[in-house]
Amino acid sequence: LVCSSGSCVSLRRVGTWIESAENEKTEKNCVSVCVQEQQVAPSRNHIGRVNRNCHTSSILTPNDKENAQRMTREELTEVILKLLVAWREPLWHFEQRLRPQSLETSDRAAQVGRMVHEVRSGVQRVAQKMQMLGMIGNFVSGLSSPEAQAPSESSEWQLLQNWDLLHCLRRDANKVQNYLKILKCRIVPEYGC
Amino acid sequence: MTDCTRLKRLLGWVLLLLISAVFECSSNSPPGKPVFKDCHSPDKETFTCWWEPDPDDGEDTTYRLFYEKDQEESRECPDYHTAGKNSCFFDRNHTSIWVDYFLTVVAFNAFGNASSDIFKLDVVDIVKGNPPENVTVRLEFDQDSPTIHVYWNPYVIRSNYGWLTTKYQLRFKEEDGNWTMQNAGLLSQFRLYNASPGKQYTVQVRCSIDNGKWSEWSSSAFIQIPKSEPKQQRFWIPVAFFSAIPFFAAVCILYIKWKFIKQWLLPPVPGPKIKGVDVHLLKSGRSEEVTSALLINQVFPSVTPWKNQVEEYLVVRDDNLLIFDGLGTNGVIISSKFHSEANINEESNVENNVDHKEEAQILDYFVEINEPGFVDELNFVNAMETEKVQSINDLKVVPLENSSYVDIPKKDVTVQDMRPGDYSTVQDIRGECIILEKQSNTSDSKNTDMNRHEEERLPDDYTKVKEVKGDHIVLLQDPSCGNNGQYTDCGNHKSPHPMMEKGGVYADFLHNGYVDNISTTPVM
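Those protein sequences? They're chains A and B, same order as listed.
Reading the first sequence from the start, the letters are residues 1 to 193 in our numbering.
Reading the second sequence from the start, the letters are residues 1 to 524 in our numbering.
Hints in this document: simulated from the structure, not taken from any laboratory.
Heads up, some of the hints might be wrong.
[Unchecked claim] Within a straight-line C-alpha distance of at most 25 Å, the following computed SDA-like cross-link-like pairs (lysine to any residue) qualify:
1. B:Lys173 <-> B:Tyr161
2. B:Lys69 <-> A:Asn162
3. B:Lys85 <-> B:Trp50
4. A:Lys184 <-> B:Asn153
5. B:Lys128 <-> A:Asn63
6. B:Lys120 <-> A:Cys54
7. B:Lys69 <-> A:Lys184
8. B:Lys33 <-> B:Asn113
9. B:Lys128 <-> B:Asn86
10. B:Lys37 <-> B:Arg64
11. B:Lys69 <-> A:Ile59
12. A:Lys82 <-> B:Tyr161
13. B:Lys120 <-> A:Leu60
14. A:Lys184 <-> B:Lys128
15. A:Lys184 <-> B:Arg6
16. B:Lys173 <-> B:Asp144
17. A:Lys184 <-> B:Asn178
18. B:Lys69 <-> A:Ser58
19. A:Lys82 <-> B:Lys128
20. B:Lys69 <-> A:Pro62
21. A:Lys184 <-> B:Ser96
22. B:Lys85 <-> B:Asp144
23. B:Lys33 <-> B:Ala110
24. B:Lys120 <-> A:Asn162
25. B:Lys69 <-> A:Leu60
26. B:Lys128 <-> A:Asp64
27. B:Lys69 <-> A:Glu66
28. A:Lys82 <-> A:Thr72
29. A:Lys184 <-> B:Gln189
30. B:Lys259 <-> B:Ser208
31. A:Lys184 <-> B:Ser208
32. A:Lys184 <-> B:Pro42
33. B:Lys69 <-> A:Trp163
34. B:Lys69 <-> A:Ser57
35. A:Lys184 <-> A:Asn67
36. B:Lys120 <-> B:Ser188
37. A:Lys184 <-> B:Ser188
38. B:Lys69 <-> A:Asn67
Required output: the full structure, derived from the provided sequences and hints.
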């Protein structure tokens, strides 16, 4: 899959809580999720019809810099984890759905799923460490059983077409990426943010 | 003349009308469709869009931009002026990210309107920075070598808490040279070491935000490196001068005392003395007398030459050798160790003139040609893990064979030192004369390069071993047997192992490698 729209979903692995800054070779950590969208919509009528309600729209996410920076560390971590958890099942089903059509695409989807899982476990480790250090409190409930949230939205994503699903994924991945960067600056002031 | 002037005036007016019609100061038809040029966001908090009007539009055409944000109602552009003509600037209050915008530009004039195509965007996708400002260059000296220290205003002045990640790239060139690109990382400064003295450098910087599009290049900064100080040159000249004096003295001494030195370094070698040969005869160059003098003292055994030239080539090796495979190449199996002894002498234990240097050379050679093969194998393993489909036929894995017999492949493999260079094959023996085959490669015996040509010549001189009887008898194969290098084809041979099992004597006997016609071994 070659990304025609230009931007790349870059899910970087959050290994330890002291994470390096932007990786020069983003190709390695970058999984191209291709959205076959054009920047010109076919017709005006389409606008009202395009119902890109991602299944994660119920999760409240800050949509600009001020709001994002106003969030506390706990809230930020919670939002990140919610987003990551919400994509676990959809990605798996997406991969299964693609498998009969195209092996390569399905493999790519599997790769994305694995990366999402890695990022999630990385963030969980970071959160645990933060808790140990007393940087965040009152977070245990959300952290220990994130799976409990999943069943409630189980049906919405099944209605999404492939294209919409990828679009939602790309957007959510970008959100996670940005929130992680803000969180990283909060945790490690030495980065000089 | 009033008619003339009136005519002129009329013409003037007509011309003016024509010109005004050409320039269309006022339109007389609906406007053309505008087209979106580009949209950028320099900071993920604001963004600007530019459009291009239809070139035929009149001056009185107005443009208005409307946008819809994720199923909200249509709104008009908040700011048409900040970014210049035919632009729309969205400030912080009007910008949301991770939200789809649908933009349209409509051109209005007295005759109608025209809408552009809808332009859809998400602000995070259109991030493109402004070129870095205030690029400054400064000359520094780092251990006497000139260094250019380049620095510029960091892209984000206020702390942004991880909102933007900016990376920089700079390019520089000497006066009229080509640009050299250089990644400058995340910091807003960079040092160029070892600048050439006396040159003028031009430096430019650009940035990329969140791995988005690169910005335009900044304005150039210039710096002139001063020429290297003459003081340094002044230091070296007397040093050179003073070191030259003893050098010239040594040369003079050498010249004067040359004969003594020559005697001491290269003492004269005594000339050769052959019984019955007069050195002066040789010098005078009468060859018949020379050869007769040489031949009188020699006795040659009567050997019948092999008429049939179909013979196999046998190369025998020690059995405890390293054998390499060629991965993915021609499937060559070859032994790494060999002997370069010419004759076998069954009486004396000839020292195995094993040349380890040649061994090492061959090992190196194989490491070289195998490396791409290993790399390919590694890639293959990696590819397997990522579940890509690859052709397994690309890899040829040849099993190791633990035998002491080696097939010489007929394929084009140049092997170093496969055989010694100091053979010459016997073509025929007539009476007392041995006619040697003229070989271009064997004349210089030190030449170790072997090509296939020489390889193919080789079989002429060698016979295949059929059987070993006892300690002294080697039965050679009937040469009409076969000519394809496979020693198993003639039916008389089984696998090499039974041969080996015949006893250590066998191994010793053929230890030195070659069986040739001129040996004293009885031949059938």
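Results of checking the hints against the structure:
1. B:Lys173 <-> B:Tyr161: Since the Cα atoms of lysine 173 (chain B) and tyrosine 161 (chain B) sit roughly 35 Å apart, the hinted pair is violated (cutoff 25 Å).
2. B:Lys69 <-> A:Asn162: holds, 23 Å
3. B:Lys85 <-> B:Trp50: holds, 8 Å
4. A:Lys184 <-> B:Asn153: holds, 24 Å
5. B:Lys128 <-> A:Asn63: Holds, because 19 Å separates the two Cα atoms, which is no more than 25 Å.
6. B:Lys120 <-> A:Cys54: holds, 18 Å
7. B:Lys69 <-> A:Lys184: violated, 31 Å
8. B:Lys33 <-> B:Asn113: holds, 9 Å
9. B:Lys128 <-> B:Asn86: Status holds; Cα separation ~19 Å.
10. B:Lys37 <-> B:Arg64: holds, 15 Å
11. B:Lys69 <-> A:Ile59: Holds - the C-alpha atoms of isoleucine 59 (chain A) and lysine 69 (chain B) are around 19 Å apart, at most 25 Å.
12. A:Lys82 <-> B:Tyr161: Holds, at about 22 Å.
13. B:Lys120 <-> A:Leu60: holds, 24 Å
14. A:Lys184 <-> B:Lys128: Since the Cα atoms of lysine 184 (chain A) and lysine 128 (chain B) sit roughly 23 Å apart, the hinted pair holds (cutoff 25 Å).
15. A:Lys184 <-> B:Arg6: Violated: lysine 184 (chain A) and arginine 6 (chain B) sit about 84 Å apart, past 25 Å.
16. B:Lys173 <-> B:Asp144: Given pair lysine 173 (chain B), aspartate 144 (chain B) holds - Cα atoms ~22 Å apart, limit 25 Å.
17. A:Lys184 <-> B:Asn178: Violated, because 40 Å separates the two Cα atoms, which is more than 25 Å.
18. B:Lys69 <-> A:Ser58: holds, 18 Å
19. A:Lys82 <-> B:Lys128: Between lysine 82 (chain A) and lysine 128 (chain B) the Cα gap is close to 30 Å, so the pair fails against 25 Å, i.e. violated.
20. B:Lys69 <-> A:Pro62: Satisfied, since the Cα-Cα distance of roughly 16 Å is no more than 25 Å.
21. A:Lys184 <-> B:Ser96: Given pair lysine 184 (chain A), serine 96 (chain B) holds - Cα atoms ~23 Å apart, limit 25 Å.
22. B:Lys85 <-> B:Asp144: The hint is violated at about 52 Å.
23. B:Lys33 <-> B:Ala110: With a Cα-Cα distance of about 15 Å, the restraint between lysine 33 (chain B) and alanine 110 (chain B) holds, given a limit of 25 Å.
24. B:Lys120 <-> A:Asn162: holds, 19 Å
25. B:Lys69 <-> A:Leu60: holds, 18 Å
26. B:Lys128 <-> A:Asp64: The hint holds at about 17 Å.
27. B:Lys69 <-> A:Glu66: holds, 20 Å
28. A:Lys82 <-> A:Thr72: Between lysine 82 (chain A) and threonine 72 (chain A) the Cα gap is close to 15 Å, so the pair holds against 25 Å.
29. A:Lys184 <-> B:Gln189: With Cα atoms ~24 Å apart, lysine 184 (chain A) and glutamine 189 (chain B) stay inside 25 Å; holds.
30. B:Lys259 <-> B:Ser208: violated, 75 Å
31. A:Lys184 <-> B:Ser208: With a Cα-Cα distance of about 20 Å, the restraint between lysine 184 (chain A) and serine 208 (chain B) holds, given a limit of 25 Å.
32. A:Lys184 <-> B:Pro42: The given pair, whose Cα atoms are some 22 Å apart, holds under the 25 Å limit.
33. B:Lys69 <-> A:Trp163: Holds - the C-alpha atoms of tryptophan 163 (chain A) and lysine 69 (chain B) are around 20 Å apart, at most 25 Å.
34. B:Lys69 <-> A:Ser57: holds, 15 Å
35. A:Lys184 <-> A:Asn67: holds, 16 Å
36. B:Lys120 <-> B:Ser188: violated, 34 Å
37. A:Lys184 <-> B:Ser188: holds, 21 Å
38. B:Lys69 <-> A:Asn67: Holds, at about 19 Å.
Hints 1, 7, 15, 17, 19, 22, 30 and 36 from the earlier list are contradicted by this structure; the remaining hints agree with it.
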